[in-house]
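J.: With these hints in hand, go ahead and build the complete structure from the sequences.
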Amino acid sequence: MSVIQFQRIHSEDAGRSSIEDASIGLMRKDYAPPAPPLYTSLPEEATQCLFLELPAGWVGEWHPTPVRQWLIVLSGRGLFEGEDGSTRQFRAGDCILLEDIEGKGHRTTVTGKEPVRMMAVHLP
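Using the numbering used here, the letters of the sequence shown correspond one by one to residues 1 to 124.
Derived lysine to any residue pairs resembling SDA-like cross-links, with alpha carbons at most 25 Å apart:
{"#": "1", "residue 1": "Lys104", "residue 2": "Val59"}
{"#": "2", "residue 1": "Lys104", "residue 2": "Asp21"}
{"#": "3", "residue 1": "Lys104", "residue 2": "Pro124"}
{"#": "4", "residue 1": "Lys104", "residue 2": "Ala56"}
{"#": "5", "residue 1": "Lys104", "residue 2": "Leu123"}
{"#": "6", "residue 1": "Lys104", "residue 2": "Thr87"}
{"#": "7", "residue 1": "Lys113", "residue 2": "Phe6"}
{"#": "8", "residue 1": "Lys104", "residue 2": "Phe90"}
Have a look at the derived ranges for each label pair, beta carbon to beta carbon:
{"#": "9", "residue 1": "Thr87", "residue 2": "Leu38", "range": "30 to 38 Å"}
{"#": "10", "residue 1": "Glu12", "residue 2": "Pro37", "range": "32 to 40 Å"}
{"#": "11", "residue 1": "Lys113", "residue 2": "Lys29", "range": "34 to 42 Å"}
{"#": "12", "residue 1": "Trp62", "residue 2": "Pro33", "range": "46 to 54 Å"}
{"#": "13", "residue 1": "Trp62", "residue 2": "Ala22", "range": "18 to 26 Å"}
{"#": "14", "residue 1": "Leu50", "residue 2": "Gly103", "range": "20 to 28 Å"}
{"#": "15", "residue 1": "Ala22", "residue 2": "Gly103", "range": "13 to 21 Å"}
{"#": "16", "residue 1": "Ala92", "residue 2": "Ala14", "range": "27 to 35 Å"}
{"#": "17", "residue 1": "Ala35", "residue 2": "Val67", "range": "30 to 38 Å"}
{"#": "18", "residue 1": "Ala92", "residue 2": "Ala46", "range": "20 to 28 Å"}
Just so you know, these hints were derived from the structure itself, not from any lab.
From a predicted model like this one, the values you see are computed outputs, not experimental measurements.
No residue lacks a Cβ here, since even glycine has one placed at the ideal position from N, Cα and C.
T.: Next up, the structure:
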C-alpha cells in the first residue's frame, strides 16, 4: 500500500491546538478505465472549494479554522504554529488538514517573499 503524508492541525482534549504529521493510505483501483489501475484514498465528502492568496509578509494571529478543511499549498511558503508550541513549515505541494475549530486556534505566517496560494476544500 502507498501513502500520502500531510500535516494535521487539531484541538486536543484541553482545547489547545496541536500540529502533527499524519498519512492517508492509498489502494490500487481501476479508477478511470480503460486507463491502467492507479492508487486512490477512500472518498471524502466535500461541501465546496475555493482558492486563497496570503500576501507576502501576512501574519494570521491566533485564530481557529472557520470550517474543517483541507488546504493544498500551490505556491509560496510559510509556517503554522500550534498553541502547544508545535510548528510546521509548509510549501508548494503540501497538504494540511485543519480541524482546530474550537479554542485559540493556530498562527499562520507567510515566510517567503512571494504570496502563498492555496486551494481550500471545505469538509462537512
